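Chain order of the listed sequences is A and B.
Heads up: the first sequence begins at 2 in the numbering used here, then just goes up one per residue.
Heads up: the second sequence begins at 2 in the numbering used here, then just goes up one per residue.
Derived by calculation from the structure, the hints in this document are not laboratory data.
Note that the coordinates shown come from a computational prediction; the quantities given were computed from them, not determined experimentally.
Don't take every hint at face value.
[Stated by the list, open to error] In silico DSSO-like pairs for lysine-lysine, Cα to Cα no more than 27 Å straight-line:
hint	chain 1	residue 1	chain 2	residue 2
1	A	Lys277	A	Lys99
2	A	Lys69	B	Lys199
3	B	Lys196	A	Lys69
4	A	Lys69	B	Lys203
5	B	Lys171	B	Lys196
6	B	Lys69	A	Lys99
7	A	Lys323	B	Lys199
8	A	Lys100	B	Lys99
9	B	Lys69	A	Lys199
10	A	Lys296	A	Lys351
11	B	Lys69	A	Lys196
12	A	Lys199	A	Lys171
13	A	Lys203	B	Lys69
[Unchecked claim] Some chain B residues judged to face chain A by a derived CB distance under 7 Å, without partners named:
hint	residue
14	Ala93
15	Arg119
16	Ser428
Note that CB positions come from ideal geometry on N, CA and C, so glycine has one too.
Number of protein chains: 2
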Amino acid sequence: MAKHMHLSGFMIHCPAPHTMLSWVHDEKVATHRWHEPGYWQSIAQTLERGKFDMFFFADQWAAYDIYKDTMDPVLQYAVQFPVHDPVVLIPALSAVTKKLGFTVTMSTTFYPPYMLARKLSTLDHVTQGRIGWNIVTSFHRNEMRNFGIDELIPHDERYARAEEYIDVCKRLWGSWDPDAVVMDMQHGLFADPAKIRKIDFKGKWYSCTGPASVIPSPQGTPYLVQAGASAAGRDYAAQHAEAIFGLQLSPESMRVFVDDIAQRARKFGRKPEDIKIMWGVIPIVGKTAEEAAEKERTLMARIPLEAGMALMSAHFGIDLSKYELDAPLKQMDIPGIQGILDAFISMPGKTITLRDAVTRYGAGVAMPHIVGTPEQVADRMEQLLLQGGGDGFQISPGYYAPAYFQDIVELLIPVLQERGLFRKEYSGATLRDHMSQQRG
Amino acid sequence: MAKHMHLSGFMIHCPAPHTMLSWVHDEKVATHRWHEPGYWQSIAQTLERGKFDMFFFADQWAAYDIYKDTMDPVLQYAVQFPVHDPVVLIPALSAVTKKLGFTVTMSTTFYPPYMLARKLSTLDHVTQGRIGWNIVTSFHRNEMRNFGIDELIPHDERYARAEEYIDVCKRLWGSWDPDAVVMDMQHGLFADPAKIRKIDFKGKWYSCTGPASVIPSPQGTPYLVQAGASAAGRDYAAQHAEAIFGLQLSPESMRVFVDDIAQRARKFGRKPEDIKIMWGVIPIVGKTAEEAAEKERTLMARIPLEAGMALMSAHFGIDLSKYELDAPLKQMDIPGIQGILDAFISMPGKTITLRDAVTRYGAGVAMPHIVGTPEQVADRMEQLLLQGGGDGFQISPGYYAPAYFQDIVELLIPVLQERGLFRKEYSGATLRDHMSQQRG
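The following block holds chain A by itself, in its conformation from the complex:
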């Protein structure tokens, strides 16, 4: 049997995070909509009912226009755009939940470190210990241009800067001793100044005087999450992250990733088991195998080719309009993208042309669909962890999110719980507690 797993709801504060047109729904399903707080609150409450560890928000700061050099298909089909700010959504979700954690993506390129450290510490107070930070260094040309930054920072310098950045943050989070606040009402004393220090940081890229403007928060530091894919990114994650979000399409490539992270973790003096690895997946669950298959056929049939092309072109920085859509994929040579195409080619099914690959990408980016009855899906999830390793899954909604997560929580979670693979109750109060919980 696989070990106890961790589960996260994986979205973006946008109409359709990873499956194109998943904002489309049957009118019977729900009345509230993606740009209203009630939509997100209902999803958060569903995830908490299912005892999920957390609700994870990816983010980006611009629309893509790599494909055909235009934003039009991105706007027409809501291809990961518009993207509303996730940081100011989360407190509206923590207000209607008690236990569910929240991890938010914030970029070291766009937030000054003093601002980021302050927002996260405040969020840890507002959520009462339930906040995580997904650390990203941003890269997209269009994001830079929205911030008036003309030149891209070279990739490796990005991580050198990110090192210094997290150093500033950690110094700020440590600038108040845990017992610095006394709040002595009798003598009118708020804090002991001897237990609060300036940080007087002067680095190559950042400088900051401090101290932090927020008193020590329930978790002290936010729960740290990372998703680096490059060598520099993996080193950074192996050094700092408490959880890593991984995208792999097969148990074999999962295992390679797990072993690589373990090796890097040891290099930095950390135990591999102290870094949780969470895999992006899109389970499609039905009461019968046929119902599940029909759900997947419906969502696949809905993916507009132009949306998939715009999405995949943007993620890989290649304008795919220049390639032949219907030639056999095996014969094609598209620089920088061959790895993902090979993975699609090797997957079961008839995915053999670029058109097929693009449609599949539009239906879930590089996350596998796991389609079947609750028992079949639970089997596959257990098997993935046994064969590929890692600690759990980031579950992205394959169709209209409120209905999707209801299906997951009502159909799949009870099976995982019965098998002893997932908690029946939260044992702690904070996100870090949840991610450390060993047994259900």
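Fit chain B to the given chain A structure using the hints.
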């Protein structure tokens, strides 16, 4: 009779906003505390019960150390520090209220304009049309140093930059036509690309490509508030603000301010009546005049001299430790601060030494206490608007905030409502609706 007035709760996300040691409370009063969301949620619910227009959050990004060149008294007495982030608190308050508006202070120096515009538009969605922006250009040396900015931007350049800044924001807020989003489920079309435009802004200080990453929000643009005191600041406010927050200690100086803003508004082609002026005040209400006077004596007796010295030194940029505390104030010459001292000298009572002035400042900054029975306080508020002009009040808590606002809402508001000076019900849904409401 004065016209219908507008009311705002005026705080900072900190232990004791404008009255030193107002975090101290009688244990009977409440169990929750200032760093917990429940504390702020209860205050927001009280304000909404009292039909307040809004809950206004001032902000700052550092601790002060002008007084004696140390942060120690600031830390010891919580002198407007620690200050938790207000932007991520507000969604937790809008989640437990339906009508109350929220105005948040965000600095044009520390937030990049694309980030600020996105956060405010998202907040307008999350609060369903109840967000306002208090526009500030920051200035404090210590704030700059937390952001690694060594040199202060000259005052007038600050406002020239702020002009360009708001231009970028308004272009972003206008980059989607109101009918750009179609969400046509039948054809799978999200938006009409022809109705969404890049802004391609290249200015002297800012550049930004756009379009906005947020769809048009309920208010379109956040409600714009400003508090400029200098000539450049007043021009900026007269040009852009829908409401101005004013601090004056007498009806005569209020009238001078109102006339000055009216003149500047006309210069920019605006009607003076389209700019609401809200005065900072601290009503201390008791069931009897003696109970109110006793409340004020208690809070005044609590103000630590060092806290008042640190606060006043910081706000005026002068280390007051260098001056004689007990000499008659009239004989002193303290550069840059004489205006406020003259105002204190001219107020009724025995405020005649620097010690007295500093204690008074620590008890409410430059906001007058209005002390008495509900009828007496209502008389004074009505009189202030009749004599001084303006449209309403920003009410800062003179003592422990949850209890303070309960007293205001239970004792004072009903008297204002009976006199037809304040609404009995909200007539609209958005903050802009509330601030435009003419009758109760």
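**Report entry** Given pair status - lysine 99 of chain B, lysine 100 of chain A, alpha carbons within 27 Å
**Finding:** Distance of about 24 Å is within 27 Å: holds.
Query raised in the report: Do the alpha carbons of lysine 69 of chain A and lysine 203 of chain B lie within 27 Å of each other, as the hint requires?
Result: 24 Å, holds
**Report entry** Hint consistency between lysine 69 of chain B and lysine 99 of chain A [alpha-carbon to alpha-carbon, up to 27 Å]
**Finding:** 45 Å, violated
Requested in this report: Assess, step by step, whether the Cα of lysine 277 of chain A is no farther than 27 Å from the Cα of lysine 99 of chain A, and give holds or violated.
Outcome: 23 Å, holds
**Report entry** Restraint check for lysine 296 of chain A with lysine 351 of chain A, where alpha carbons must lie at most 27 Å apart
**Finding:** Given that 27 Å is the threshold and the Cα spacing comes to 18 Å, the pair holds.
Requested in this report: Would you mind confirming whether the straight-line C-alpha gap from lysine 203 of chain A to lysine 69 of chain B stays at or under 27 Å?
Outcome: 24 Å, holds
**Report entry** Proposed interface contact between serine 428 of chain B and chain A, which counts if any beta carbon pair is under 7 Å
**Finding:** 23 Å, violated
Query raised in the report: Within 27 Å, alpha carbon to alpha carbon, are lysine 69 of chain B and lysine 199 of chain A?
Result: 16 Å, holds
Query - Pair hint lysine 69 of chain B and lysine 196 of chain A, alpha-carbon separation not exceeding 27 Å - result: Roughly 19 Å separates the two Cα atoms, so the pair holds.
Query raised in the report: Is it true that the CA of lysine 196 of chain B sits at most 27 Å from the CA of lysine 69 of chain A?
Result: Since the Cα atoms of lysine 196 of chain B and lysine 69 of chain A sit roughly 19 Å apart, the hinted pair holds (cutoff 27 Å).
Query raised in the report: Taken at face value, is the distance from the CA of lysine 171 of chain A to the CA of lysine 199 of chain A at most 27 Å?
Result: 13 Å, holds
**Report entry** Restraint outcome when alanine 93 of chain B is required to lie within 7 Å of chain A by C-beta distance
**Finding:** 4 Å, holds
Checked against the numbered hints listed earlier, the structure breaks hints 6 and 16; every other hint is satisfied.
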